[in-house]
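Novice: Starting from the known structure of chain A, fit chains B and C onto it as the hints suggest.
Protein chains in written order, with this note's numbering: chain A, 1 to 357; chain B, 1 to 265; chain C, 1 to 267.
Calculated from the structure, these hints are not laboratory results. Please note: incorrect hints may appear among the correct ones.
Derived pair list, reagent style EDC-like, types lysine to aspartate or glutamate, alpha-carbon separation capped at 20 Å [to be verified]:
#: 1; chain 1: B; residue 1: Lys56; chain 2: A; residue 2: Glu351
#: 2; chain 1: A; residue 1: Lys131; chain 2: A; residue 2: Glu112
#: 3; chain 1: C; residue 1: Lys155; chain 2: B; residue 2: Asp194
#: 4; chain 1: C; residue 1: Lys232; chain 2: C; residue 2: Glu51
#: 5; chain 1: A; residue 1: Lys273; chain 2: A; residue 2: Asp34
#: 6; chain 1: C; residue 1: Lys232; chain 2: A; residue 2: Glu246
#: 7; chain 1: C; residue 1: Lys232; chain 2: A; residue 2: Asp47
#: 8; chain 1: A; residue 1: Lys205; chain 2: A; residue 2: Asp160
#: 9; chain 1: A; residue 1: Lys273; chain 2: A; residue 2: Asp107
#: 10; chain 1: B; residue 1: Lys48; chain 2: A; residue 2: Glu351
#: 11; chain 1: A; residue 1: Lys339; chain 2: B; residue 2: Glu38
#: 12; chain 1: A; residue 1: Lys96; chain 2: A; residue 2: Asp335
#: 13; chain 1: A; residue 1: Lys96; chain 2: B; residue 2: Glu38
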Amino acid sequence: MKSLVRAFIAIVTISIALLFGISYLNAAEGYSGDNTLTIFNWGDYIDPELITQFEEETGIKVIYQTFDSNEAMMTKIEQGGTTFDIAVPSDYTIAKMIDEDLILPIDYSQIEGIENIDERFLDLSFDPDNKYSIPYFWGTVGIVYNPDLLDGKELTSWNDLWDESLRNQIFLADGAREVVGMALNSLGFSLNSTDPAELAAASGKLQSLMPNVKAILGDEIKMLLANEEAAVGLVWSGDAAEIMYENEALTYVIPEEGTNLWSDNLVIPKTAKNIDAAYAFINFMLRPDVAAQNADYVGYSTPNAAAIELMDPEVTEDERFYPPAEITDTLEYYDNIGKANLATYNDIFLEFKMSGQ
Amino acid sequence: MKNNRFARLALIPYALWIVIFVVAPLVLIAYNSFLDIEGHFTFANYGKLLSPVYMKMMFNSFFYSLIVTAVSLLVGYPVAYFISRTKHKGLWLILLILPSWINLLLKTYAFLGILGTAGPINAFLEVIGVGGQQLLFNDFSFVLVSTYIFIPFMILPVYNAIEKINPSLIYASRDLGASNWKTFQRVIFPLTTDGIMSGFQLVFIPTLSLFMITRLIAGNRVITLGTAIEQHFLVTQDWGMGAAIAVVLILVMAIVMFATRKIIK
Amino acid sequence: MEQTKKWFANGYLILVFVILYAPILFLTAYSFNSGGSMVGFDGFTLEWYQELFSDTRLLIIVLNTLVIALISATIATIVGVAGAVAIHNIEKTKYRSMLLTLNNILVVSPDVIIGASFLILFTMLGISLGFFSVLLSHIAFSIPIVVIMILPKLKEMSPTLVDAAQDLGASQWQVFSKVILPYILPGVFAGFFTALTFSLDDFAVTFFVTGNGFNTLAVEVYSLARQGISLKINALSTIIFAITLALVLGYYFLSTRKKPKTLGGTD
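Next comes chain A alone, as it looks inside the complex (with noise of 0.2 Å):
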């Protein structure tokens, strides 16, 4: 008994203990001020430093926190027991969240800078008007690869996959969409298609390039493309300019049946608290400055015009990373094709990787 107590008493007192280090060290960081922001992002989807930033001009604190999928993302603000500003959802669960009644209309009276937006990423089908939400990032899906590994073979289009001398050299991004819209472009359909016979021909289709597929993986796509465990890869434009970045073998391109065109945007949850620091943060988002450095930083593609212009056009005039309207034109956004229809995506993709083993 008597070294249950002791136990006990030590238990309690290290715990203590680290409470106060903790709020010592979260005193440090400022994040125990009534006036907090808070964030629900991707991972390391924005530059730090620009938190910092926007932390020393509005005096505002932030508190930021990552998801790893759109969907994760949706239960947690559905659940009502989080209290997020800002979230930063994908085109089509923009239009699922608008139907789900889960994010708040924008007041554009307290919006600076939205002109600086390229008018190509606005007044999109999953949000006409942009009544709910502000474009932060975009891009494609395509194929990422390394010319070293394939002989300087060069791929250019979805049917390229298909090729004997792959066997065994793909990665492919775990999501259901972009492989089954990739199968649908391929026969040249809509990657939106919810035709059965269209559906059945991309489910066959799929299934012999079986052979060819190495792993279909999560995020760990990037650290192993770029470890040059297999030679081709399907991913986002922005995985890819990591990837690329890591290792300079590789290159990217847009295939030329078309594909996926994305973009993810910040919304305001109806669960928000401070709805001032999020137009605050949304405002500061906005500036050229800002987007032009958290565009630099992140990798990915901004559509932000008027920071465009203040960034090394090296990178802004690469047409793998910032493809002209002629190109973006030809692809598609993913529809919100409604949950039975995603349904039968997820049971051909489950039905292909089951055709693995």
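Specialist: Quick look at chains B and C alone, frame taken from chain A:
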């Protein structure tokens, strides 16, 4: 001590916990398994489980779990036995548990490095002339890493069972002229079935429900029930389907526990 | 003959333990790599350790993780002891095995199911996500493990011990604190440490039920992994491993010096 007030008092916090954190979640899962993606009542989720794709997935999942359990037993049993014969048993046991205190995801990333084309094992294979091999993203890597994760849970119960054996039984067997192997076969092994059965429970069921490493280490070439549940809850948001698979998993769990308890008795 | 067998046994044990520690040694070795990734060793550096200690946010997360683990393991141990005693005292086998089954369900349930169902539960109860929801969840999934660790000890205990104490006029509390508790103490400690391990290790459940900027190490590691593991994390796990190793070995050698006989197993 039977029937005293103190024990009944002690039941209150525990019963409260059971109701809130065991019964309520179970009911919620069962309820959800009868909802389709739009939230209407349906049996379709269970119907879908009988489709070839899901049958194949469940079959594979059981198959791999059995292999992982068997490998854990084959490798782990001698470890438990040898530890019970060493001087510093406590130290060995602590050293056995210690690695599980390092974050699993980190260890998994380490395995990506170790087994990778540029990793130490392939470098070694090159040196001895075998040549580079693909060690990642296949059955081998999945079984290896799963066994790595769960083997302490096989070793500990087996070890406990060995320790409980009355040493005089072993002496008796030796006095009767049995060889060491005979003694092991006829005395020690039968007396450790309890330990093996709890080891089976502690390895087989968690392997069924593994996720994350099916993607990281096996590149989705192996899909377990756990992976499917995670996908349905976090990615496809088809909670009904996820819940239906969860119900299957819970039933399997109950069967395994029932069967192994029968054997223990 | 005897010698070769001993040699084989030791060799086998050492081999298995080398494999067991290989990933940790791998992480540790690369924490000193100036190359910045876990492929190819470029040169020795302490850069990652410096970066680690200047990252206040990460240090807060480490402390959060420890606090959650310690508090949840303590509360879970208390409730678990109560639960084990209560189960042990139920006379009807039917009820006892029913409770035990319910108890075991949570131990063997996949983390994803636990996490998802707790999230639904907290939503229904209107509990906001953060420190409190994470703490509650960790307590909840640790309790059954503690019960499992303690029950065998209770079963082993001879009932005459308790009867004798009662005959000598001990109150029920005295019987518990003076007779039962000392007897099951190894199980209590084993339960506490297992609960601690589960809490420190947990990723999936926390991932579901955390929110509002509260993070534990496992969840943070997961989100850091998005950008490709920073060797800062290797440095952190090296330090954590070194500290636990020192504590555990220190404890072991101190306790064996005092009373060499009692520390045989963990059961």
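Novice: CA of C/Lys232 to CA of A/Asp47, is that 20 Å or under?
Specialist: At roughly 18 Å apart (the allowed maximum being 20 Å), A/Asp47 and C/Lys232 satisfy the hint.
Novice: Keeping to a limit of 20 Å between CA atoms, is the pair of A/Lys205 and A/Asp160 held or broken?
Specialist: It holds: about 13 Å lies between the C-alpha atoms, which stays within 20 Å.
Novice: Below or equal to 20 Å on CA atoms is what counts here, so check C/Lys155 against B/Asp194.
Specialist: holds (15 Å)
Novice: For the pair we were handed, A/Lys96 and B/Glu38, check the Cα-Cα distance against 20 Å.
Specialist: holds (14 Å)
Novice: Decide if the proposed pair is consistent with the structure: A/Lys273 and A/Asp107, CA atoms, cutoff 20 Å inclusive.
Specialist: Holds: A/Lys273 and A/Asp107 sit about 16 Å apart, inside 20 Å.
Novice: Would you check the hint for A/Lys131 and A/Glu112, treating anything up to 20 Å between C-alpha atoms as holding?
Specialist: This hinted pair holds, its Cα atoms lying about 15 Å apart.
Novice: Holds or violated: are the alpha carbons of C/Lys232 and A/Glu246 at most 20 Å from each other?
Specialist: Holds, at roughly 17 Å.
Novice: Holds or violated: A/Lys96 and A/Asp335, Cα atoms, limit 20 Å.
Specialist: The hint holds at about 10 Å.
Novice: Under the criterion that the straight-line Cα-Cα distance not exceed 20 Å, is the pair B/Lys56, A/Glu351 satisfied?
Specialist: With a Cα-Cα distance of about 10 Å, the restraint between B/Lys56 and A/Glu351 holds, given a limit of 20 Å.
Novice: Verify the proposed pairing of A/Lys273 with A/Asp34, using a straight-line Cα cut of 20 Å.
Specialist: Cα-Cα ~11 Å, so holds.
Novice: Keeping to a limit of 20 Å between CA atoms, is the pair of C/Lys232 and C/Glu51 held or broken?
Specialist: holds (7 Å)
Novice: Are the Cα positions of B/Lys48 and A/Glu351 separated by 20 Å at most?
Specialist: Distance ~13 Å between B/Lys48 and A/Glu351 Cα, so the pair holds.
The structure shown violates none of the earlier numbered hints.
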